[in-house]
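Taken in order, these protein sequences are the chains called A and B. Read in the working numbering, the first sequence has 340 at position 340, and its numbers run on one by one without any break. Read in the working numbering, the second sequence has 359 at position 359, and its numbers run on one by one without any break.
These aren't lab readings, by the way, just hints derived from the structure by calculation. Any given hint might turn out to be false.
For chains that are exact copies, the list does not tell them apart, and a pair is met inside one copy or across any two.
Stated by the list, open to error - Simulated pairs of lysine-lysine, DSBU-like, Cα-Cα distance not exceeding 35 Å:
no. : residue 1 : residue 2
1   : Lys294    : Lys20
2   : Lys369    : Lys73
3   : Lys421    : Lys317
4   : Lys373    : Lys152
5   : Lys248    : Lys374
6   : Lys374    : Lys152
7   : Lys294    : Lys7
8   : Lys317    : Lys153
9   : Lys7      : Lys421
10  : Lys153    : Lys270
11  : Lys350    : Lys395
12  : Lys7      : Lys20
13  : Lys228    : Lys173
14  : Lys153    : Lys225
15  : Lys72     : Lys20
16  : Lys350    : Lys194
17  : Lys373    : Lys153
18  : Lys294    : Lys363
19  : Lys5      : Lys294
20  : Lys225    : Lys184
21  : Lys184    : Lys210
22  : Lys194    : Lys374
23  : Lys5      : Lys76
24  : Lys413    : Lys177
Note that the structure is predicted; figures quoted are calculated from it, not measured.
Protein chains: 2
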Amino acid sequence: MGSQKIKPIRGFRDRFPDDKILQEYIFATARSVLRRRGFEEYDGPLLEPIGLYEGKTSNELLTEQAFSLIDKKGRKLLLRPEMTPTLARMVASQADQLVFPVRMFNIGLRYRYEAPQRGRNRELYQIDFDILGSDSVLADAEFLSTAVDLYKKFGGDENNLVVYINSRSVLSKALEKVGISSEKIPEVISIIDKRDKLAQQDFIDLLDAKSVDSGAILHFLDNPKNYKDNFSDLLEAIGALEIDSYIKVKPFFVRGLDYYTGLVFEVWAKKGLNRAIGGGGRYDNLVERYGSRKIPGIGMAMSDTAIIEFIKENRIKIPDLTPSLSTLLVTVFSRELASKSFEAIRFLRKNNIPCELYAGIEKLPKQFKYANKKGLDYVLIIGPDEAMEGKVTLKTMTTGEQEVLTLENVLSKLSTRIIDK
Amino acid sequence: MGSQKIKPIRGFRDRFPDDKILQEYIFATARSVLRRRGFEEYDGPLLEPIGLYEGKTSNELLTEQAFSLIDKKGRKLLLRPEMTPTLARMVASQADQLVFPVRMFNIGLRYRYEAPQRGRNRELYQIDFDILGSDSVLADAEFLSTAVDLYKKFGGDENNLVVYINSRSVLSKALEKVGISSEKIPEVISIIDKRDKLAQQDFIDLLDAKSVDSGAILHFLDNPKNYKDNFSDLLEAIGALEIDSYIKVKPFFVRGLDYYTGLVFEVWAKKGLNRAIGGGGRYDNLVERYGSRKIPGIGMAMSDTAIIEFIKENRIKIPDLTPSLSTLLVTVFSRELASKSFEAIRFLRKNNIPCELYAGIEKLPKQFKYANKKGLDYVLIIGPDEAMEGKVTLKTMTTGEQEVLTLENVLSKLSTRIIDK
Chain A
1 MGSQKIKPIR
11 GFRDRFPDDK
21 ILQEYIFATA
31 RSVLRRRGFE
41 EYDGPLLEPI
51 GLYEGKTSNE
61 LLTEQAFSLI
71 DKKGRKLLLR
81 PEMTPTLARM
91 VASQADQLVF
101 PVRMFNIGLR
111 YRYEAPQRGR
121 NRELYQIDFD
131 ILGSDSVLAD
141 AEFLSTAVDL
151 YKKFGGDENN
161 LVVYINSRSV
171 LSKALEKVGI
181 SSEKIPEVIS
191 IIDKRDKLAQ
201 QDFIDLLDAK
211 SVDSGAILHF
221 LDNPKNYKDN
231 FSDLLEAIGA
241 LEIDSYIKVK
251 PFFVRGLDYY
261 TGLVFEVWAK
271 KGLNRAIGGG
281 GRYDNLVERY
291 GSRKIPGIGM
301 AMSDTAIIEF
311 IKENRIKIPD
321 LTPSLSTLLV
331 TVFSRELASK
341 SFEAIRFLRK
351 NNIPCELYAG
361 IEKLPKQFKY
371 ANKKGLDYVL
381 IIGPDEAMEG
391 KVTLKTMTTG
401 EQEVLTLENV
411 LSKLSTRIID
421 K
Chain B
1 MGSQKIKPIR
11 GFRDRFPDDK
21 ILQEYIFATA
31 RSVLRRRGFE
41 EYDGPLLEPI
51 GLYEGKTSNE
61 LLTEQAFSLI
71 DKKGRKLLLR
81 PEMTPTLARM
91 VASQADQLVF
101 PVRMFNIGLR
111 YRYEAPQRGR
121 NRELYQIDFD
131 ILGSDSVLAD
141 AEFLSTAVDL
151 YKKFGGDENN
161 LVVYINSRSV
171 LSKALEKVGI
181 SSEKIPEVIS
191 IIDKRDKLAQ
201 QDFIDLLDAK
211 SVDSGAILHF
221 LDNPKNYKDN
231 FSDLLEAIGA
241 LEIDSYIKVK
251 PFFVRGLDYY
261 TGLVFEVWAK
271 KGLNRAIGGG
281 GRYDNLVERY
291 GSRKIPGIGM
301 AMSDTAIIEF
311 IKENRIKIPD
321 LTPSLSTLLV
331 TVFSRELASK
341 SFEAIRFLRK
351 NNIPCELYAG
361 IEKLPKQFKY
371 ANKKGLDYVL
381 IIGPDEAMEG
391 KVTLKTMTTG
401 EQEVLTLENV
411 LSKLSTRIID
421 K
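One chain only, chain A, in its complex shape:
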């Protein structure tokens, strides 16, 4: 075979260590916050039968955005576009064993067959978390408080974040009161859901085209008056949990997923991004569609890329991240003296100094260059003189300082670098 450049398929990408470590930081942080609040990690297949989604998730997601594939036996399978149907199946299958309300989370891959020109990835990661088995306002409040806490860990605060809440059923009732006939309400709601993305006149035209009183709707949306009162129980709980400064009732969004039954919410970044960086809602009738009794649920998803954009846009300070944890390079002076380097690295590792052996025979400057590029703080040299004396030379990369030491001396000098877990 000759040599060939082979690229990833469209919408997929390779992820080098500098990218991966940032993602891993996001995941480790989310995992820690969620586990401390009693959420438990689960996972499911990446490839699912299409029946898992048909009639359950949104039709748009299924027909336009799903990444569908045909297997060797001609069956249509989906690379999972979202996690909720998999979770609902799992909870339905264990409905008699689980102790409700269960708290579950997943961190994993999702797939969308996005139009390539939008520059969107077709392979993406999401963090999903859910509470199932309670339709109480307490579940809603505990859930939203978890969401806010999670975003706070990524630098979110009242100035840069807002959580919009709404409910399809509340909105339907309000529109009925404004005089919209009930058969027109689904269409009107789907137009209202797009309000933020439409010019005012286009919005009016769309409503007029459905012979709907656009004036009445505009008036309602701009003066939602007592609309907030529909959420008074939740707002009270949210106030008691001291997250009310993040939450805002917004009548004109409902989110597209067909399985939402009540509360829906979206987390928006106020600055720069001007878009939702996470969202979810209540799905009280989904689990039973997988063959169990009725088990209500509430959940949300957030992508790592949205969180990373949020961190960058708001210049949030995060810890220094390095893909490698090694701090010292044991160089190899020559083939003959390699055994001295083996001896040194064995000693340092036994004492939990994170370090690496230069994996070849090269001139020292090349080995120093490696240490430098990799950001290692120290280099250890054992040449003929050091070998004769039973010592080593420790070079500090930042200062260039060199000291001739015993290995025991090196160890005490590097005692703060020990990682023993």
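Dock chain B against chain A, hints included.
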């Protein structure tokens, strides 16, 4: 839509929290060991063009075991069966930027279209790690020392583990010396590779069928005499690194992957399992096939399930693992008194006590049952009496002991439970 039981597709499975936390422990441990030794995590697409593998990986893997799918445009894609080709592509694409030798690792999904009757999963996780850019014996020794260190972290020792090493090129030369003609050597090697799985007579019959002197080969395999000398440089380095007690030269295995060029190795569990629980080798000509200059490499893969089986078979003690980290349930006495529970949980969380709010209005015994089943150590109760006094009742689940305390008292009592990272 009616209610339907929908199962995962064949060879795929749902993973509940008790499974997932064990897997996560394996991954976190491996990540920590590898990063301390200078390895950096990368990732790549799960779905790859078939051209990434054709003529590079083993033909058996590609034609019989690959999980191939057809996309919407009729293209044949593979759910990645292994990670090395993806890594080789990545390294080739950045050959001018990377500082060699690079140390890379990946933890992720792989797919095999295994015959279902074998009860094997078609979706599996593997930990892969590699050193690229050096063909030195120092790279081999550093690599094997990393592998041994990793298995040691999972309870491996000289008594329960052995690492077999061999080399296709060394074996070829040895067979030539025994008098096997060079054109027969590839066939003979593939028979020798199966020796452990064959009855003695079947092994002899297979060799005889190829008109090969089976007596000479048996004699060679049973008395490999100086065969070990071919690995003397490596064995010397391994001795200096003090991992020689794990390593054994074994002339009759070569591993199937077509890209291996030199050293190959397999980690075997000595007890019970009697099979390889990890393996790899040197692939010095693979990266250049993706369009770069020659960049030699050495790598291995191990699956989480093999490590878990090893841990169970050898009764290795691992830390207590609980999917959730929460330690205390704040119960809700009634809708009216919910605000007191909100207040309590707000206080405890502000002080980094990992805890959860019962997400509904239920009778207390049901809430206690939840705490009990979830393994929570404490339950907090705020009924009318406690509310009046400005106190809470803390119940210790193991003893049943109940104390009426202020929230401050609860905090000092639970000070060892604080998680503030």
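### Task
Identify every previously stated hint that the structure contradicts and give their numbers, smallest first.
2, 9, 16, 22 and 24
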